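Student: For this one, chain S is given, so just place chain V on it according to the hints.
Spelled out from the first residue to the last, the chains are:
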Amino acid sequence: GQQLNQSPQSMFIQEGEDVSMNCTSSSIFNTWLWYKQEPGEGPVLLIALYKAGELTSNGRLTAQFGITRKDSFLNISASIPSDVGIYFCAGQLASGGGADGLTFGKGTHLIIQP
Amino acid sequence: DAGVTQSPTHLIKTRGQQVTLRCSPKSGHDTVSWYQQALGQGPQFIFQYYEEEERQRGNFPDRFSGHQFPNYSSELNVNALLLGDSALYLCASSGLQGWAANYEQYFGPGTRLTVT
Chain S
1 GQQLNQSPQS MFIQEGEDVS MNCTSSSIFN TWLWYKQEPG EGPVLLIALY KAGELTSNGR
61 LTAQFGITRK DSFLNISASI PSDVGIYFCA GQLASGGGAD GLTFGKGTHL IIQP
Chain V
1 DAGVTQSPTH LIKTRGQQVT LRCSPKSGHD TVSWYQQALG QGPQFIFQYY EEEERQRGNF
61 PDRFSGHQFP NYSSELNVNA LLLGDSALYL CASSGLQGWA ANYEQYFGPG TRLTVT
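Which chain is which? The protein sequence lines are S and V, in order.
Residue numbers in the first sequence follow my numbering, run continuously in steps of one, and reach 114 at the last position.
Residue numbers in the second sequence follow my numbering, run continuously in steps of one, and reach 116 at the last position.
There's no promise every hint is true.
Residues from chain V shown here face chain S by an in silico Cβ test under 7 Å; the list is partial [what the hints assert, rightly or not]:
hint	residue
1	Ser33
2	Gly42
3	Pro43
4	Phe45
5	Phe69
6	Leu90
7	Glu104
8	Gly108
9	Pro109
10	Gly110
11	Thr114
Worth flagging that the hints you see were computed from the coordinates, not collected in a lab.
A quick note: this is a predicted structure, and the numbers were derived from the prediction, not measured.
No residue lacks a Cβ here, since even glycine has one placed at the ideal position from N, Cα and C.
Here chain S stands alone, though its shape is the one from the complex (with noise of 0.2 Å):
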């Protein structure tokens, strides 16, 4: 099936740094969706994105849906232990007067150094 492509796969960085990740298509998505995933739980929703070129914040967390509709972007700002986990880009289109099933990216995992 179809999936995202989402960079970097894996990002190893200090507790305190600031993190930055995107998401590329090529086909067009009416609605952006930032996930986070940790072992054994599923997928937790961060932040949605409706029109394209929309900024939205949730506490330290930054996403923006890309002037194309191709594209979105996450950035998480001073890491702390806790973001660790893997974060999925989810792109989704609206027909039939419903939401369609969300594309998936591979993911990123993030990985705090001591």
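Tutor: Leaving out everything else, chain V in the frame of chain S:
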């Protein structure tokens, strides 16, 4: 407010068998989507149920089928299991309380299926 729940947590089946996984959506949600997540991969969309009917389907064979009940809970059935069906199966729900709720999908903890 209960979130999305799934059962069972883990399941071990033999190749060729059939399996049924269950999902209860978040309170106030009426749409259920199912995803398959292989190890090291992002979730892959299987299908979505709304008003007890399959509204959309991803690129999965007919061995994968589902059902939605009047209380919005849902089942995923997989027939003739293959080794490659081993994965984490995730259920996500979304609702109609405000326009954004239609797009924001909330996931359960998943069911880990192992096919031997």
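Student: Hint by hint, note whether the structure agrees.
Tutor: Now the hints, each set against the structure:
1. Of the supplied interface hints, the one on V/Ser33 holds, with its beta-carbon coming within about 5 Å of a beta-carbon of chain S, less than 7 Å.
2. Satisfaction of the interface hint for V/Gly42 is found here, the shortest Cβ-Cβ separation to chain S being roughly 3 Å, below the 7 Å cut-off.
3. The restraint placing V/Pro43 at the interface with chain S holds, with a minimum CB-CB distance near 5 Å, inside the 7 Å limit.
4. Interface restraint check for V/Phe45: the shortest CB-CB distance to chain S comes to about 3 Å, inside 7 Å, so the restraint holds.
5. Among the interface hints, the one on V/Phe69 is violated; its C-beta lies about 19 Å from the nearest C-beta in chain S, farther than the 7 Å criterion.
6. Proximity of V/Leu90 to chain S holds as hinted, the smallest CB-CB distance being about 5 Å (cut-off 7 Å).
7. Checking V/Glu104 against chain S: minimum C-beta separation of about 5 Å stays under 7 Å; hint holds.
8. With its C-beta approaching chain S no nearer than about 5 Å, V/Gly108 sits inside the 7 Å limit, and its interface hint holds.
9. For V/Pro109, the interface hint holds, since its Cβ comes within 7 Å of a Cβ in chain S; the closest pair sits about 5 Å apart.
10. With its C-beta approaching chain S no nearer than about 5 Å, V/Gly110 sits inside the 7 Å limit, and its interface hint holds.
11. Among the interface hints, the one on V/Thr114 is violated; its C-beta lies about 14 Å from the nearest C-beta in chain S, farther than the 7 Å criterion.
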